[in-house]
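Here are the chains, one letter per residue:
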Amino acid sequence: MKTGLGFVAAVNLIIWAGITLYLFILDRRLKKLERRPGYRDHGGGDG
Amino acid sequence: MIYKILLTIWMNLIIAAVFLYIEPAAGFPGEVSRILFFHVPMAWVATLAFLLSMIASSVYLITRKVNADFLAQSSAELGFLFCFLATVTGSIFAKATWGSFWNWDPRQTSIVMLLMIYGAYFVLRSAVADHEKRRVFAGVYSILAFCTVPFLVFIVPRITNSLHPEDTLNPAKPGMDIKTLIFFLGSLCAYTGLFVWMLRLKVRMLRIMDKERGRINFHK
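Top line first, the protein sequences correspond to chains C and R. Positions 0 to 46 (numbering that gives the first Met the number 0) are the ones given, in order, by the first sequence. Positions 0 to 219 (numbering that gives the first Met the number 0) are the ones given, in order, by the second sequence.
For reference, chain R alone in the conformation it holds in the complex:
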């Protein structure tokens, strides 16, 4: 319980500091660069979640322990959520820096492809009725899906002409002094903590649902 309270306080401090205490990162127009403190941690958590999903799927395929499948599913769902949020915040940043929300820039295209690949993971899970088969198929698919992550996140935007900061056409790099960097790393830690919290809740929820076979509505 204590880490959840600490995380809540920490996240509040980060949000307040990002807007009210530190200066915007150099190298970007105006105040919009403050979105970096949310956009980058979201993208980081999405990549971490997809990696964890792949590892948990591998563990499930080796050991056939149901808990590993719960972890793989939960992690993929949260990865999809954070990836979507990173896309939305990236679009807001794109509007301010490139002039429009969506440009089909290689970075934007690759993130949409990633969302579609993981969207298909959930379609696959919902399409197979048999629990055992579903877990095996989803496990294999999760491993294959993660193989695309390094290409779509790190390689494709860097080998093609992209406007994304630090890519080929736009060498802009966030200029951060030590104070800004501390809060940026603090934001990364806070989002990672939030991911762990949500992941544990989701795994517990799946465990109970598996036990009760979907008779419980958690939102009532």
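Bound conformation, chain C alone:
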């Protein structure tokens, strides 16, 4: 393994972990909003 590649890989993995964490949190929040009384889905995916 070349010097520095491990560091670049680690940075990339951290960025990717941040993105997925954000998407999972956003998904949960959207689910909560969709479950609220009064929200009617117009038809479409469940995410």
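Simulated from the structure, these hints should not be mistaken for lab results. Just so you know, even glycine gets a beta-carbon here, dropped at the ideal spot from N, CA and C. Some clues are possibly wrong.
Stated by the list, open to error - Under 10 angstroms between C-beta atoms, here's a sample of chain C residues computed to sit facing chain R:
(1) Ala8
(2) Thr19
(3) Asp26
Unchecked claim - With the Cβ distance kept under 7 angstroms, some of the chain R side facing chain C (calculated, not the full set):
(4) Thr7
(5) Met10
(6) Ile14
(7) Ala15
(8) Phe18
(9) Leu200
(10) Arg203
(11) Ile207
(12) Met208
Add chain R to chain C, keeping to what the hints say.
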């Protein structure tokens, strides 16, 4: 839920393998060719997103179903994002291979034009107050905007003198063995999966915002 977890694991594996397992693609200087595993999938997803936006806009103009407009808007936004990221990663690659981040190479110029064309799409959307008119104008514009995509992405850089790999002045082609190719295709699939995930979230968000008329801040 399961596909999101699988996608997360898959993307982690791809990133780790790209840097730690496979050899850099032949035909390019040093380790920088590893950026191909990110740059090309981003450009692919951007083109796919613009295509999807055009199709959804056409569906909206025919059927007037609001969901189609949500899909068109979401897809255009994500296409713009991935196109911007492809430009940034391309610039990093350009620095390593051509000596400077920005050369106004036909490929770079055409991608900037594409970003400006889709930037205008968002300006148009925000400039029209009436919902119905906004959706119709944006739908027509999205179709017109996509007409430029094949020219700017595939044709212009190939009929002019460009330094971009596989174009006129630089016939360099990434040399990939089967192992590298598998991870390259895996990266394409992972980015496509990420795009689908983000797209579905964005469509749901627009649907709720439409229902609530912007009273919700999703980031709080």
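Checked hints:
Given hint, Ala8/C at the interface with chain R, holds; its Cβ is 4 angstroms from that chain's nearest Cβ, closer than 10 angstroms. With a least beta-carbon distance of about 5 angstroms to chain R, the hint placing Thr19/C at the interface is held under the 10 angstroms criterion. With its C-beta approaching chain R no nearer than about 6 angstroms, Asp26/C sits inside the 10 angstroms limit, and its interface hint holds. Checking Thr7/R against chain C by beta carbon gives a least distance of about 5 angstroms; that is within 7 angstroms, so the hint holds.
Satisfaction of the interface hint for Met10/R is found here, the shortest Cβ-Cβ separation to chain C being roughly 6 angstroms, below the 7 angstroms cut-off. Look at Ile14/R: its Cβ gets to within about 5 angstroms of chain C, closer than 7 angstroms, so that hint holds up. Hint on Ala15/R holds. Least Cβ distance to chain C is approximately 6 angstroms, under the 7 angstroms limit. Because the beta carbon of Phe18/R sits about 4 angstroms from the nearest beta carbon in chain C, less than 7 angstroms, this interface hint is met.
Given hint, Leu200/R at the interface with chain C, holds; its Cβ is 6 angstroms from that chain's nearest Cβ, closer than 7 angstroms. With a least beta-carbon distance of about 5 angstroms to chain C, the hint placing Arg203/R at the interface is held under the 7 angstroms criterion. Here the hint on Ile207/R is kept, as its CB sits about 5 angstroms from the closest CB of chain C, short of 7 angstroms. Given hint, Met208/R at the interface with chain C, is violated; its Cβ is 10 angstroms from that chain's nearest Cβ, farther than 7 angstroms.
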